[in-house]
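Trainee: Numbering-wise, the sequence shown is residues -19 to -1, 1 to 69 according to mature numbering (1 follows the signal peptide of the UniProt record, and there is no 0).
The set of hints was computed from the structure by calculation and includes no laboratory data.
Computed from a predicted model, the values in this text were never measured in an experiment.
The list that follows gives simulated cross-link-like pairs (lysine to aspartate or glutamate, EDC-like), each with its CA atoms no further than 20 angstroms apart:
1. K17 <-> E38
2. K44 <-> E16
3. K44 <-> D11
Restraint-style ranges between C-beta atoms, simulated for each label pair:
4. C(-13) <-> E16: 32 to 38 angstroms
5. R50 <-> I(-14): 38 to 44 angstroms
6. I(-14) <-> D11: 33 to 39 angstroms
7. L(-10) <-> G18: 27 to 33 angstroms
8. R(-17) <-> N39: 38 to 44 angstroms
9. C51 <-> G18: 19 to 25 angstroms
10. R40 <-> G18: 18 to 24 angstroms
11. K64 <-> L21: 23 to 29 angstroms
12. V12 <-> S49: 20 to 26 angstroms
Every residue gets a Cβ at the ideal spot worked out from N, C-alpha and C, and that includes glycine.
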Amino acid sequence: MNRLLICLALLAFADVAVSGVYLSTCARMDVPILEKGARLACIASCSVQNCGTGYCENRGGRKTCVCSRCDVGGNFPLEVLLKKGKGK
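Go ahead and model the full structure; you've got the sequences and the hints to work with.
Mentor: Listed below in structure tokens is the structure:
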């Protein structure tokens, strides 16, 4: 059973890789309902990278999450969560 699941997962991954499906936080930024979700995903991604905010932009024909205010930005307490995970 485990081998079957692994084979199905590999086939799904290969299908996504070969078909050219574009997976990005901002991939659906042009869809009216999903545009806010793409923006929130971009902000969350930038927050993990210790940046204050992020915006979805078209750069080079690709929809890209562009982070800004990365010097002192960021509100995601990654260090605190890592310490709690280790039991300190």
